[in-house]
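Colleague: Can you build the whole structure from these sequences, using the hints too?
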Amino acid sequence: MPIFRNTRSIEHKIDEFFDAVNEGALVFRDAIDSYLGERAQDFEQKLALLDKLESRADRLSREVEAALYSQSLIPEHRGDVLGLLEHSDDIIDRAQTCMQRFDVEQPRIPQRWHDHYQRLAESSYRCAEAAIMAARRFFREPAAVSDYLFKVHHYEGESDQVGLELRRGVFSDPELDLAHRQHLRYFAEAIDRVADVSEAVADRLAIYVIKRRM
Amino acid sequence: MSVGVLFFLSSGLFLGWSLGANDAANVFGTAVGSRMVRFRTAAAICSVFVILGATFGGAGAAHTLGRLGAVNQLAGAFTVALAAALTTFVMTRLGLPVSTSQAVVGAIIGWNLYAGMVTDTGALSRILLSWVLCPVLAAVTAVVFYGGLRRVLESSRVHLLRQDSAVRWGLIIVGAFGSYSLGANNIANVMGVFMPDNPFADREVLGWTITGVQQLFLLGGVAVAVGVLTYSGKVIRTVGGGLMRLSPEAALVVVLAQSVVLFVFASEGLEHWLASRGLPTVPLVPVSSSQAVVGAILGLGLLKTGRGVRWRPLGEIGAGWLATPVVAGVVGFFLLFFVDNVFDQDVAGAGRYRIDAAVVERLANDHFDATPLADLIGYDETNALRLQHSLEQEGLERAFVQAIIARAEVTLIHIDLDRVNLELDTDWLALDQVRAVRSLAGRRFEHDWQLQDALAIASPLWRPRPESALNRLWNRELRQKQQYVERLFVDHDAP
Numbered sequence: 001m002p003i004f005r006n007t008r009s010i011e012h013k014i015d016e017f018f019d020a021v022n023e024g025a026l027v028f029r030d031a032i033d034s035y036l037g038e039r040a041q042d043f044e045q046k047l048a049l050l051d052k053l054e055s056r057a058d059r060l061s062r063e064v065e066a067a068l069y070s071q072s073l074i075p076e077h078r079g080d081v082l083g084l085l086e087h088s089d090d091i092i093d094r095a096q097t098c099m100q101r102f103d104v105e106q107p108r109i110p111q112r113w114h115d116h117y118q119r120l121a122e123s124s125y126r127c128a129e130a131a132i133m134a135a136r137r138f139f140r141e142p143a144a145v146s147d148y149l150f151k152v153h154h155y156e157g158e159s160d161q162v163g164l165e166l167r168r169g170v171f172s173d174p175e176l177d178l179a180h181r182q183h184l185r186y187f188a189e190a191i192d193r194v195a196d197v198s199e200a201v202a203d204r205l206a207i208y209v210i211k212r213r214m
Numbered sequence: 001m002s003v004g005v006l007f008f009l010s011s012g013l014f015l016g017w018s019l020g021a022n023d024a025a026n027v028f029g030t031a032v033g034s035r036m037v038r039f040r041t042a043a044a045i046c047s048v049f050v051i052l053g054a055t056f057g058g059a060g061a062a063h064t065l066g067r068l069g070a071v072n073q074l075a076g077a078f079t080v081a082l083a084a085a086l087t088t089f090v091m092t093r094l095g096l097p098v099s100t101s102q103a104v105v106g107a108i109i110g111w112n113l114y115a116g117m118v119t120d121t122g123a124l125s126r127i128l129l130s131w132v133l134c135p136v137l138a139a140v141t142a143v144v145f146y147g148g149l150r151r152v153l154e155s156s157r158v159h160l161l162r163q164d165s166a167v168r169w170g171l172i173i174v175g176a177f178g179s180y181s182l183g184a185n186n187i188a189n190v191m192g193v194f195m196p197d198n199p200f201a202d203r204e205v206l207g208w209t210i211t212g213v214q215q216l217f218l219l220g221g222v223a224v225a226v227g228v229l230t231y232s233g234k235v236i237r238t239v240g241g242g243l244m245r246l247s248p249e250a251a252l253v254v255v256l257a258q259s260v261v262l263f264v265f266a267s268e269g270l271e272h273w274l275a276s277r278g279l280p281t282v283p284l285v286p287v288s289s290s291q292a293v294v295g296a297i298l299g300l301g302l303l304k305t306g307r308g309v310r311w312r313p314l315g316e317i318g319a320g321w322l323a324t325p326v327v328a329g330v331v332g333f334f335l336l337f338f339v340d341n342v343f344d345q346d347v348a349g350a351g352r353y354r355i356d357a358a359v360v361e362r363l364a365n366d367h368f369d370a371t372p373l374a375d376l377i378g379y380d381e382t383n384a385l386r387l388q389h390s391l392e393q394e395g396l397e398r399a400f401v402q403a404i405i406a407r408a409e410v411t412l413i414h415i416d417l418d419r420v421n422l423e424l425d426t427d428w429l430a431l432d433q434v435r436a437v438r439s440l441a442g443r444r445f446e447h448d449w450q451l452q453d454a455l456a457i458a459s460p461l462w463r464p465r466p467e468s469a470l471n472r473l474w475n476r477e478l479r480q481k482q483q484y485v486e487r488l489f490v491d492h493d494a495p
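The listed protein sequences correspond, in order, to chains V and F.
Residue numbers for the first sequence, in this note's numbering: 1 to 214.
Residue numbers for the second sequence, in this note's numbering: 1 to 495.
Careful, some of the hints might be misleading.
[Unchecked claim] Only part of the chain V face toward chain F is listed, based on derived beta-carbon distances under 8 Å:
#1 4
#2 7
#3 11
#4 69
#5 70
#6 73
#7 74
#8 75
#9 76
#10 79
#11 140
#12 141
[Unchecked claim] Not the full set, but computed from the structure, chain F residues with beta-carbon under 8 Å of chain V:
#13 34
#14 36
#15 119
#16 120
#17 151
#18 152
#19 154
#20 157
#21 159
#22 160
#23 162
#24 165
#25 248
[Claimed, not checked] To list a few chain F residues with every Cβ distance to chain V over 10 Å, as calculated:
#26 57
#27 73
#28 158
#29 161
#30 283
#31 326
#32 345
#33 395
If you are wondering where the hints come from, they were derived from the structure by calculation, not from laboratory data.
Glycine included, every Cβ here is placed at the ideal spot set by N, Cα and C.
Modeller: Okay, structure coming up:
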């Protein structure tokens with residue numbers, strides 16, 4: 001219908017934004033895998049792709065914000081939607097920052113800890129993916145958001161657990177000196193932070209859903 | 001166009017302005033309050049549709065003088081309209097949504113008291129009912145609609161932005177229709193009374209004839225629109241957010257509930273449609289858009305156990321409803337005294353009531369026991385209140401007294417053949433009705449009911465039908481036509 005022509009374009013941009021964030025989280029997980037597998041070229045490509053996705057997400061978020069304000073759309077939920085986009089954008093920002101640190105600092109991760117890092121990256125990715133799905137549902141089916149929020153909390157708990165195991169293990173590893181231990185802990189926390197910001201998105205969503213209930 | 005007519009027209013325009021300033025909130029208050037439609041946009045749409053409604057939709061009212069038609073002198077109508085307009089203006093200044101019609105009715109009661117006319121107690125009870133019934137009906141309708149809309153939205157999985165767009169368009173469309181109805185339904189009250197002195201002649205514009213009445217109504221519509229554009233903000237803020245913070249969906253529910261209540265519980269057309277198909281009819285109750293809007297908002301507030309309802313402004317609105325007809329009546333009474341004595345204007349034509357043999361016979365035909373009236377034949381009175389008092393002193397029942405006053409009122413009518421040929425609206429009246437009027441050419445009547453009886457004998461199309469839901473519309477139109485014929489042939493030159 002012609003009356004929805006304008007909103008359709010913004011809906012499309014919001015969908016594209018979440019596509020970018022979701023793909024960013026996926027690339028983040030794969031990039032860690034490439035780093036651990038010492039596939040340097042692959043890692044570089046993934047880092048470049050992540051930069052591109054992050055820029056795209058930023059641009060789309062700005063465009064949606066401008067459209068919502070200039071056309072006075074969703075006055076009741078405008079603040080919530082912009083807050084949701086901003087916090088979702090944090091997911092890809094954190095992922096990009098983490099990858100840049102890998103690129104710059106090139107941490108030496110002993111083979112015996114690879115599995116932990118992979119599991120940590122996997123649960124952080126799953127957590128981000130569930131948060132993005134919940135965010136998408138917020139627009140069309142707010143009642144279904146809670147199903148995904150449950151998953152977000154589950155994967156965030158899992159990533160906390162793996163992160164704790166990893167830190168404990170690293171600090172009790174006699175083959176590592178203190179500086180090395182701290183460096184590895186720092187990267188475990190950086191990966192885990194992606195799950196933390198995803199959980200922050202979920203917490204906000206829980207409030208937005210209550211507000212959206214008429 | 002005489003300066004006098006223009007001057008008298010000014011109070012009608014002021015009443016139109018006050019109406020626009022107060023009633024725009026009923027159609028766009030919640031849309032603006034929920035920030036879905038900007039005030040300027042709402043005011044512009046409302047103004048355009050009010051003018052369209054007044055000019056083209058008000059045509060149905062072109063033969064009625066509106067409520068002020070009860071006032072039999074132009075200076076009196078000017079003063080009554082001024083009293084109603086001043087009252088509405090004060091309420092608008094206070095930001096209170098009130099019923100302009102009730103201000104007009106209150107001012108007419110003031111005129112009745114001043115002119116010694118009897119007040120129809122039905123008008124008072126209708127106002128009282130509308131204060132209670134109308135908000136309750138609107139509240140219940142709003143709650144039902146709200147539940148329905150919630151279910152629809154939850155199950156439809158429409159995108160938030162698309163839902164927002166649909167609600168926005170809904171608010172604009174319902175607001176535009178509401179504005180059109182506002183213009184169409186109220187223009188007779190604003191301008192109707194000035195129709196007999198209409199200074200405008202029919203005009204041809206681009207091959208389209210715009211009648212004098214339409215031009216008069218256009219002028220009234222413009223006055224309403226100016227009221228919307230210049231002074232409606234205060235009441236819009238009260239309705240839009242002063243009572244309760246409304247979500248866009250709730251805003252739509254409120255205007256929908258208001259429109260539906262007005263349509264279902266006040267539409268004789270709908271009642272006739274249902275009755276003509278053998279369907280059960282909805283009882284008609286007195287409704288007012290201002291009271292319906294406030295009732296709908298309150299209904300949604302109570303649905304959430306009263307949380308978020310601001311009770312203080314609500315109390316002020318209730319007080320405003322009570323005060324409106326009372327203040328209009330008192331202001332009207334004193335203004336009439338002022339205009340009558342200071343400006344020496346005739347604000348109330350001298351009424352005349354005569355109990356003659358024909359009146360007694362007619363009352364007997366209407367199944368009243370007319371024997372106590374035998375001694376009163378020849379009783380002549382110029383003040384209805386005094387007549388009422390005298391009859392009540394005789395120990396007659398109130399209903400009988402009212403029937404006597406209605407039959408005894410003297411209206412000298414002369415069916416002038418020239419007027420029949422030149423002025424009778426043959427488009428509005430049926431051919432048989434026109435023939436019946438023509439057959440009475442040259443005859444004179446002392447009471448309006450004598451003319452009605454004569455017309456009823458001349459044509460079945462002049463006969464009222466038994467009171468029922470199916471016949472209500474017919475009888476109302478018949479009454480309008482009877483009043484029109486009486487006005488046209490009333491003999492102003494009679495001694």
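Colleague: Could you run down the list of hints and mark each one as holding or not?
Modeller: We went through each hint and held it up to the structure:
1. 4: holds, 5 Å
2. 7: With a closest approach of 4 Å, the residue 7 of chain V hint holds.
3. 11: Status holds, d = 5 Å.
4. 69: Hint violated; residue 69 of chain V Cβ to chain F Cβ min 12 Å, cut 8 Å.
5. 70: violated, 13 Å
6. 73: Result: holds, 6 Å to nearest chain F Cβ.
7. 74: holds, 5 Å
8. 75: Constraint on residue 75 of chain V satisfied, holds at 4 Å.
9. 76: holds, 6 Å
10. 79: Check failed: Cβ of residue 79 of chain V comes no nearer than 12 Å to chain F, outside 8 Å.
11. 140: holds, 5 Å
12. 141: holds, 5 Å
13. 34: Holds, about 7 Å.
14. 36: Status holds, d = 6 Å.
15. 119: Nearest chain V Cβ about 46 Å off; hint violated.
16. 120: violated, 44 Å
17. 151: Hint on residue 151 of chain F: violated, closest Cβ of chain V at ~10 Å, above 8 Å.
18. 152: At about 11 Å, which exceeds the 8 Å cut-off, the nearest Cβ of chain V leaves the hint on residue 152 of chain F violated.
19. 154: holds, 6 Å
20. 157: The hint holds - residue 157 of chain F has a Cβ within 8 Å of chain V, the shortest such distance being about 5 Å.
21. 159: holds, 5 Å
22. 160: OK, holds: residue 160 of chain F within 8 Å of chain V, min 5 Å.
23. 162: Hint holds; residue 162 of chain F Cβ to chain V Cβ min 5 Å, cut 8 Å.
24. 165: With a closest approach of 5 Å, the residue 165 of chain F hint holds.
25. 248: This interface hint holds because 6 Å falls under the 8 Å limit.
26. 57: holds, 25 Å
27. 73: holds, 51 Å
28. 158: At roughly 7 Å from the nearest Cβ of chain V, residue 158 of chain F sits no farther out than 10 Å, so the non-interface label is violated.
29. 161: violated, 4 Å
30. 283: holds, 31 Å
31. 326: holds, 39 Å
32. 345: holds, 52 Å
33. 395: holds, 62 Å
Comparing the model with each numbered hint stated earlier shows that hints 4, 5, 10, 15, 16, 17, 18, 28 and 29 do not hold.
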